[in-house]
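Asks: Letter by letter, the chains look like this.
There are 2 protein chains.
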Amino acid sequence: MSDNRPFSPIRRRGLMLVLSSPSGAGKTTIARELLATDDKLDMSVSATTRPPRPGEVKGRDYHFVDIATFERMVAAGEMLEHAKVFDNYYGTPAKPVREALASGKDVLFDIDWQGTQQLGQSARGDLVSIFILPPAVEELERRLKSRAQDSDEVVRKRMAKAGDEMSHWPEYDYIVVNHHLDSSVASVKAILAAERLKRERQVGLPDFVNGLRSKT
Amino acid sequence: MSDNRPFSPIRRRGLMLVLSSPSGAGKTTIARELLATDDKLDMSVSATTRPPRPGEVKGRDYHFVDIATFERMVAAGEMLEHAKVFDNYYGTPAKPVREALASGKDVLFDIDWQGTQQLGQSARGDLVSIFILPPAVEELERRLKSRAQDSDEVVRKRMAKAGDEMSHWPEYDYIVVNHHLDSSVASVKAILAAERLKRERQVGLPDFVNGLRSKT
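Protein sequences appear in the order of chains A and B.
If you read the first sequence in our numbering, its first letter stands for residue 1, the second for the next number, and so on.
If you read the second sequence in our numbering, its first letter stands for residue 1, the second for the next number, and so on.
To be clear, the hints were calculated from the coordinates, so they are not data collected in a lab.
Heads up, a few of these hints could be off.
Unchecked claim - One side only, chain B facing chain A, incomplete, derived with CB under 8 angstroms:
| hint | residue |
| --- | --- |
| 1 | 6 |
| 2 | 59 |
| 3 | 61 |
| 4 | 65 |
| 5 | 67 |
| 6 | 84 |
| 7 | 137 |
| 8 | 167 |
| 9 | 173 |
| 10 | 179 |
| 11 | 187 |
| 12 | 190 |
| 13 | 191 |
Claimed, not checked - Derived DSS-like pairs: lysine-lysine, alpha-carbon spacing no greater than 25 angstroms straight-line:
| hint | chain 1 | residue 1 | chain 2 | residue 2 |
| --- | --- | --- | --- | --- |
| 14 | A | 40 | B | 198 |
| 15 | B | 157 | A | 215 |
| 16 | B | 84 | B | 95 |
| 17 | B | 84 | B | 157 |
| 18 | A | 215 | B | 161 |
| 19 | B | 157 | B | 215 |
Glycine included, every Cβ here is placed at the ideal spot set by N, Cα and C.
Sequences are here, hints too, so could you generate the full structure?
Replies: Written as structure tokens, this is what we have:
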């Protein structure tokens, strides 16, 4: 740990960091950069009922489960959030997240506003949510066009969907406008560092301060 | 503005950043470092009824006012917080703070837990409070001893007072343990950067998002 980075010696509870954005706003690149530079932060691994695709690794990309197992987990309250997309279920198993938080590790979620709303119902105090906005619509369009060789019609549909997704910004704690990738990464890092320093997350503080005060 | 620092192009409301700590924990050094490197942050200037000391500059170190003026301001609700120390009044005039916040500037307060409680009554949503703790009592004692050539008796009294002040940490939003000055400064900077990115402070967001959505 270098001396010029935020730091606390106090035992703390982990947090759930949610990044949401309309597609094309840069969220995935920011998430990748965060994960590469922060060893206290892990990506949440979703469970899904769809079959693995070539190259996907079980337990790293997804937990692959059958429909009966998935439905049992939902019924038993073992999913923090879940959704059905076409014929497949996707969801976040609660147990690994609860274990990470208790051990002081943070968990990163790349989910949409619906998943964020569901997470918030079971985990409000642990949740830190960030909405990434594009700096301009032209930039969003440029990114959506460059990402895939899609038809104009597909790009138009994606733009309309992005506009709809953007309407959910008021449901988030923090808003980052992705002007420059480096400064957006710095913004998200600052948010993560600050949230780690919140009083209520530093669960070792009562003992620490009692120790200090006993000697004054 | 360099590209690797947190940044938002959105018009925002300023915030009130409170730093409190037992004396000797390093708060004043941290505050000085912050002010030197952040041109959106200004120190709050208190009003006082005590006479200026040699070298003190009116309006920079204090606003010097007479007792009648001070009492009239308190009665008219023009002080965000105030206290009487021996025969002198000290307080924070509301007007310059309100003007700074409205113009998107942040104001730094170096005040104790009593002042912080008073500020919180009139300005809860604008207030961000940080409590600085020493890493160990021995370090606190060392700093208190090195600061002045005081008798053991005076140092003992200061240590007891520090212990009492430390009991107020649960009233603060963030807790920073001042292990290393550089990392504590980085911690406070991260808190300030994050709080600036809070949704509700970025008052230009509704217009900005409406502008984006109108083109999708």
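Asks: Next, verify each hint and record whether it holds.
Replies: Hints and how they fare:
| no. | hint | in the structure |
| --- | --- | --- |
| 1 | 6 | holds, 4 angstroms |
| 2 | 59 | violated, 32 angstroms |
| 3 | 61 | violated, 30 angstroms |
| 4 | 65 | violated, 36 angstroms |
| 5 | 67 | violated, 36 angstroms |
| 6 | 84 | violated, 26 angstroms |
| 7 | 137 | holds, 4 angstroms |
| 8 | 167 | holds, 7 angstroms |
| 9 | 173 | holds, 6 angstroms |
| 10 | 179 | holds, 6 angstroms |
| 11 | 187 | holds, 4 angstroms |
| 12 | 190 | holds, 4 angstroms |
| 13 | 191 | holds, 4 angstroms |
| 14 | A:40 - B:198 | holds, 23 angstroms |
| 15 | B:157 - A:215 | holds, 13 angstroms |
| 16 | B:84 - B:95 | holds, 20 angstroms |
| 17 | B:84 - B:157 | holds, 21 angstroms |
| 18 | A:215 - B:161 | holds, 12 angstroms |
| 19 | B:157 - B:215 | violated, 66 angstroms |
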